[in-house]
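Each protein sequence line maps, in turn, to chains E, W and P.
Each residue of the first sequence is one higher than the last, beginning at 1 in the numbering used here.
Each residue of the second sequence is one higher than the last, beginning at 1 in the numbering used here.
Each residue of the third sequence is one higher than the last, beginning at 1 in the numbering used here.
Take these hints with a grain of salt, some might be off.
Straight-line distance between alpha carbons at most 20 Å, and here's what the computed DMTMM-like set of lysine to aspartate or glutamate pairs gives [said to hold, decoys possible]:
# : chain 1 : residue 1 : chain 2 : residue 2
1 : E       : Lys67     : E       : Glu46
2 : E       : Lys83     : E       : Glu193
3 : E       : Lys191    : P       : Asp57
4 : E       : Lys191    : P       : Asp67
5 : E       : Lys191    : P       : Glu65
6 : E       : Lys191    : E       : Asp74
Because the hints were derived from the structure by calculation, they are not lab data.
The primary structure of each chain is shown beneath.
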Amino acid sequence: MSFITRGFSGRSRERDDRLPPGQTLVHDFPVLSAGPTPDVDTAEWEFTVRTATGDHRWNWDEFMALKIDEVDTDIHCVTHWSKLGTRWRGVSIDTLFEDIETDQDYVMAHSYGGYTTNIPFDELLDGKAWIAFEFDGEPLDPEHGGPARLLVPHLYFWKSAKWVRALEMMDQDEPGFWEQNGYHIHGDPWKEERYW
Amino acid sequence: MSDRLTPATDAAATAEAAVPVVADSSTAALPRSETPRAGWHVGTVVAARRETPNATRLELDVDDWPGNAAGQHLDVRLTAPDGYSATRSYSIASSGPSSRIVLAVDKLPDGEVSPFLVEEVRAGDQLELHGPLGAYFVWRPAVETGSPRPVQLIAGGSGVVPLFAIATAHADAADPTPFRLLYSARTPADVYFADELRGLVAASAPLRLDLVYTRRTPDGWPVPAARITREALEAAVIPAAHEPLVYVCGSTGFVERVADWLVELGHDPRSIRTERYGGT
Amino acid sequence: MQHVDGNALAGPLADYFSFDVTMARARCLGCGSISELARAMVYRSGAGTVVRCATCDAVLATLVESDDRAWIGFSGVSAVEVRRG
Chain E
1 MSFITRGFSG RSRERDDRLP PGQTLVHDFP VLSAGPTPDV DTAEWEFTVR TATGDHRWNW
61 DEFMALKIDE VDTDIHCVTH WSKLGTRWRG VSIDTLFEDI ETDQDYVMAH SYGGYTTNIP
121 FDELLDGKAW IAFEFDGEPL DPEHGGPARL LVPHLYFWKS AKWVRALEMM DQDEPGFWEQ
181 NGYHIHGDPW KEERYW
Chain W
1 MSDRLTPATD AAATAEAAVP VVADSSTAAL PRSETPRAGW HVGTVVAARR ETPNATRLEL
61 DVDDWPGNAA GQHLDVRLTA PDGYSATRSY SIASSGPSSR IVLAVDKLPD GEVSPFLVEE
121 VRAGDQLELH GPLGAYFVWR PAVETGSPRP VQLIAGGSGV VPLFAIATAH ADAADPTPFR
181 LLYSARTPAD VYFADELRGL VAASAPLRLD LVYTRRTPDG WPVPAARITR EALEAAVIPA
241 AHEPLVYVCG STGFVERVAD WLVELGHDPR SIRTERYGGT
Chain P
1 MQHVDGNALA GPLADYFSFD VTMARARCLG CGSISELARA MVYRSGAGTV VRCATCDAVL
61 ATLVESDDRA WIGFSGVSAV EVRRG
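Please build the complete structure, drawing on both the sequences and the hints.
In structure tokens, the structure reads:
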């Protein structure tokens, strides 16, 4: 039985040919939270890359001294909203790994607050991902993942871990938080890889 | 006489401290310490009227409603022609076995469901309902549970809805448990169920009502408009030494502020039941 | 977007469980505290529902729903207690 509520149409759902299947264009920036917003001061902030041979660490000042990219990209959330032409500034994963050797093929991103998400290493390289700290010309708001978040726009946005603090190299592809709890291990919006 | 929401004893009987009408009493309707199974129902709107400038009272007829305990809620699901749906929870202002249930919906400025329920819904409309829900934020008369503990209800804005249901159930059962309701509202016009609350205070079941106005007070009010402070809370609530059961309902910010103060004032956290509506 | 509490789980989980989940007690694997799920902190968004321990914030449970499937995770509890009879 499909019940339809008289007079209800919900918010307007704008489609666009430039969007992956099942997506709707939005002009705001919805906040989706899985827990309390971490409160991380840049004075305490640290970012770590963990490989089989050891840790590489940056504090905020060291991080800001790295090459910074301007990024203009579309983002797609598994909850069906997309934003086109979002502007960010961040350090690319290529830059981070310039002096780091690794032969491990998978990455687990770790966040302040405990969130995790997994990505194949080659999908973070070649200009496909950044650690972003500015959105739309402003420092990244804590509710959107500030001081810094992972930005992997070619995958569903749950992979762009907010409050990112570390990338841990792994031999195997292991599921992160949402991947353990129903979401697709890979998350390609163009193939609608939303769930298990 | 004030308009009653449950098919209660009539005005004359109430004035004489009446014996509860068995068909209405939650002791007859619901098994001991159980609540009816939740199910999906279709309710027909019988009446939709402005309760406050920002809220609507909806009366619904739900044919197969199994009855609900005081304090329970239900989920309303709205479905658009393209299949898109949105579901939100609303506390039930009524209780007992009746298939006539009452909601009071506060309109959230950017809400998806509440503006529709407050502005669009009219008598004759049908709504999909899931309920009754929740056995935690519930109160039953002392006759059934045998608890001699006094009860403190604390409401922030629209959080008064389930507490009003509880206070009404208390009155309908002519339950002798001492009750207090501390109710924080923005202005006098924002007080839900104002007439009914006056009736409950006058009823035989003991209820003390303390109103706090946060933006504008009635003429001649002894204190200026202000948010509840810890001191005002302490002055109004049943002392911790009397070990009341406490029910707090309202926005998340309100509930957590009040609950923290109650614990500081010596109330056992296990004696405090909370229901958060979200928001600060 | 503010969190709510476990009372909000009653509707969503009633579709999957025959018992009232909000009254069920669970033991947090993070801190060991045992409490009714109604008292947990609940974060809801389009992505899913996350239930967190009110004492230590550890994730107790998750709920994700698509059009035709749901995933219910109890990753952060050792067991759930249900009253009988």
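Proposed proximity, Asp57(P) with Lys191(E) (alpha carbon, max 20 Å) = violated, 35 Å
Are the Cα positions of Lys67(E) and Glu46(E) separated by 20 Å at most?
-> holds, 17 Å
For the pair supplied as a hint, Lys191(E) and Asp67(P), is the alpha-carbon distance within the 20 Å limit?
-> OK: Lys191(E) and Asp67(P) at ~17 Å, within 20 Å.
Quickly compare the C-alpha distance for Lys191(E) and Asp74(E) to 20 Å and report which way the hint goes.
-> Holds: Lys191(E) and Asp74(E) sit about 16 Å apart, inside 20 Å.
Quick one, are Lys83(E) and Glu193(E) close enough, alpha carbons at most 20 Å?
-> holds, 18 Å
Would you mind confirming whether the straight-line C-alpha gap from Lys191(E) to Glu65(P) stays at or under 20 Å?
-> With Cα atoms ~19 Å apart, Lys191(E) and Glu65(P) stay inside 20 Å; holds.
Hint compliance for this structure: hint 3 is the single one not met.
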